[in-house]
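Participant: Protein chains in written order, with my numbering: chain U, 1 to 202; chain E, 1 to 202.
Simulated from the structure, these hints should not be mistaken for laboratory data. Worth double-checking, as some hints may not be accurate.
Note that identical chains are pooled: a pair holds if it fits in a single copy or bridges any two copies.
Said to hold, decoys possible - Pairs of lysine-lysine, DSS-like flavour, derived with a Cα cap of 30 Å:
| id | residue 1 | residue 2 |
| --- | --- | --- |
| 1 | Lys-150 | Lys-116 |
| 2 | Lys-116 | Lys-102 |
| 3 | Lys-147 | Lys-102 |
| 4 | Lys-21 | Lys-155 |
| 5 | Lys-135 | Lys-196 |
| 6 | Lys-102 | Lys-150 |
| 7 | Lys-157 | Lys-102 |
| 8 | Lys-196 | Lys-21 |
| 9 | Lys-202 | Lys-158 |
| 10 | Lys-135 | Lys-102 |
| 11 | Lys-196 | Lys-147 |
None of the values given here were measured: they were computed from a predicted structure.
There are 2 protein chains.
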Amino acid sequence: MAVKIITVSRQFGSGGRTIGKRVAEELGFDYYDREIIDHVAGETGFSRDYVAANSEYAPGKSIFSYSFEAAGTPGVMNGMTTADYLYSVQRRKIIEAAESGKPCVIVGRCADYILKEFDGVFNVFIYADVEWRAKRIVEVYGDTDVKPIKRITDKDKKRAANYRHYTDREWGRAQNYDLCLNTGFLGIDRCVDMIKDIALNK
Amino acid sequence: MAVKIITVSRQFGSGGRTIGKRVAEELGFDYYDREIIDHVAGETGFSRDYVAANSEYAPGKSIFSYSFEAAGTPGVMNGMTTADYLYSVQRRKIIEAAESGKPCVIVGRCADYILKEFDGVFNVFIYADVEWRAKRIVEVYGDTDVKPIKRITDKDKKRAANYRHYTDREWGRAQNYDLCLNTGFLGIDRCVDMIKDIALNK
Numbered sequence: 001m002a003v004k005i006i007t008v009s010r011q012f013g014s015g016g017r018t019i020g021k022r023v024a025e026e027l028g029f030d031y032y033d034r035e036i037i038d039h040v041a042g043e044t045g046f047s048r049d050y051v052a053a054n055s056e057y058a059p060g061k062s063i064f065s066y067s068f069e070a071a072g073t074p075g076v077m078n079g080m081t082t083a084d085y086l087y088s089v090q091r092r093k094i095i096e097a098a099e100s101g102k103p104c105v106i107v108g109r110c111a112d113y114i115l116k117e118f119d120g121v122f123n124v125f126i127y128a129d130v131e132w133r134a135k136r137i138v139e140v141y142g143d144t145d146v147k148p149i150k151r152i153t154d155k156d157k158k159r160a161a162n163y164r165h166y167t168d169r170e171w172g173r174a175q176n177y178d179l180c181l182n183t184g185f186l187g188i189d190r191c192v193d194m195i196k197d198i199a200l201n202k
Numbered sequence: 001m002a003v004k005i006i007t008v009s010r011q012f013g014s015g016g017r018t019i020g021k022r023v024a025e026e027l028g029f030d031y032y033d034r035e036i037i038d039h040v041a042g043e044t045g046f047s048r049d050y051v052a053a054n055s056e057y058a059p060g061k062s063i064f065s066y067s068f069e070a071a072g073t074p075g076v077m078n079g080m081t082t083a084d085y086l087y088s089v090q091r092r093k094i095i096e097a098a099e100s101g102k103p104c105v106i107v108g109r110c111a112d113y114i115l116k117e118f119d120g121v122f123n124v125f126i127y128a129d130v131e132w133r134a135k136r137i138v139e140v141y142g143d144t145d146v147k148p149i150k151r152i153t154d155k156d157k158k159r160a161a162n163y164r165h166y167t168d169r170e171w172g173r174a175q176n177y178d179l180c181l182n183t184g185f186l187g188i189d190r191c192v193d194m195i196k197d198i199a200l201n202k
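Pulled out of the complex, with its shape left as it was, chain U reads as follows (with noise of 0.2 Å):
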């Protein structure tokens, strides 16, 4: 069975971002990361920066999620907090992609879960040390007030709790993934090899 998606799900500050885009660029796959903040953007009426700041992000389940609709469409939600309607539409977004039958990578926004009964799909999850993590995202991110190891382990809380919210699973037990890798050990560009060389070879 020839892999025709790969989904990166990453640790923040992992490199994971970095493996999809490039391995995306030599295979000439499509490439699904900030593509999927615009398209959700578009369609819900919400900013880009709100759509990224919050799509990643589980509910909080307070009454606040639901005491607003997006811009553009009222009446879409539906009842719906924010964060599942967000959600909702980058579902649609990933799903679309995959029934296109183009060749992609994707990255994060639970899409080994999305599509668990699609075939040809290769699940990878990237993660590092958070020390390695720690001075890769001053390193790429500059630094902020907030100090690296914070900003990590309050990223890594929230994208482990929208996975849980949504797909009922641990984030980051290797059982949800065909394959994960430790970028602090192996390095990145080994990483972008060992992914082409199973998606070309499988």
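We have chain U already, so just place chain E on it with the hints.
Facilitator: Showing chain E alone in chain U's frame:
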């Protein structure tokens, strides 16, 4: 940093032992698996079968766990449960293997955790879907009165409990390892090659 020790943690039926053995043979590394059982049996006076059945399965902390001592070594258990005693002997053996400086592959027995302060250790986790493993254990070990899926879930539960008890970590969480391989997706041959390639070119 060259790889000197490869630890292979594995789900029951995943092919982890086969992979560990082949990697050791093909790299010319020492191999520790049943060898540890032999050592522990020799050291403690417990039978080989008793050690095999109990050395990777967490202590039921019942009063019976404390109620007898190893036949050949009166007094040495010193208030430990049988499981803790077996663990302490196999832990010493694993550290002794690592300290010998001879490259080796060690299968199971929390070796990834026991050797976490050692340099040149490469930790691998091998797993697969339950259905794939159920088919494989019947092919490799034959049928028994207990259904394959029940044999698998029982063993997995025990290994997870054992690992949690001695390491305070979750078994099968990707972040405990450097590489996690789904043999059902990747195939055993490819897993052997990937591990060897990393060990030789790290």
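Participant: Is the C-alpha distance from Lys-102 to Lys-150 at most 30 Å within one copy, between copies, in both cases, or in neither?
Facilitator: Answer is neither: 38 Å inside a copy and 40 Å across each miss the 30 Å cutoff.
Participant: Is it within, between, both or neither when you check Lys-202 against Lys-158 at 30 Å Cα-Cα?
Facilitator: Intra 33 Å, inter 33 Å, cutoff 30 Å: neither.
Participant: 30 Å Cα cut-off: does Lys-196 pair with Lys-147 within a copy, between copies, both or neither?
Facilitator: So Lys-196 and Lys-147 fail the 30 Å test inside a copy (34 Å) and across (38 Å) alike.
Participant: Evaluate Lys-21 and Lys-155 at a C-alpha cut-off of 30 Å and name the case that applies: within, between, both or neither.
Facilitator: Only inside one copy: Lys-21 and Lys-155 sit 20 Å apart there, 39 Å across copies, limit 30 Å.
Participant: At 30 Å max between alpha carbons, let me know whether Lys-196 reaches Lys-21 within a copy, between copies, both or neither.
Facilitator: Classified as both; 12 Å inside a copy, 27 Å across copies.
Participant: My question is about Lys-157 and Lys-102: at a cut-off of 30 Å on alpha-carbon distance, are they close within one copy, between copies, both, or neither?
Facilitator: neither (33 Å within a copy, 40 Å between copies)
Participant: Are the CA atoms of Lys-135 and Lys-196 at most 30 Å apart within a copy, between copies, both, or neither?
Facilitator: Both: 26 Å inside a chain and 29 Å across chains, each within 30 Å.
Participant: Can you give me the call for Lys-150 and Lys-116, within, between, both or neither, at a CA distance of at most 30 Å?
Facilitator: Classified as between: cross-chain Cα gap 24 Å, same-chain 32 Å, threshold 30 Å.
Participant: Is it within, between, both or neither when you check Lys-135 against Lys-102 at 30 Å Cα-Cα?
Facilitator: Intra 36 Å, inter 33 Å, cutoff 30 Å: neither.
Participant: If the cutoff is 30 Å on CA atoms, where do Lys-116 and Lys-102 land: within, between, both or neither? Let me know, please.
Facilitator: within (17 Å within a copy, 43 Å between copies)
Participant: Tell me, please, which holds for Lys-147 and Lys-102 at an alpha-carbon limit of 30 Å: within, between, both or neither?
Facilitator: Neither: 41 Å inside a copy, 41 Å across copies.
Violated hints for the displayed structure, listed by number in ascending order: 3, 6, 7, 9, 10 and 11.
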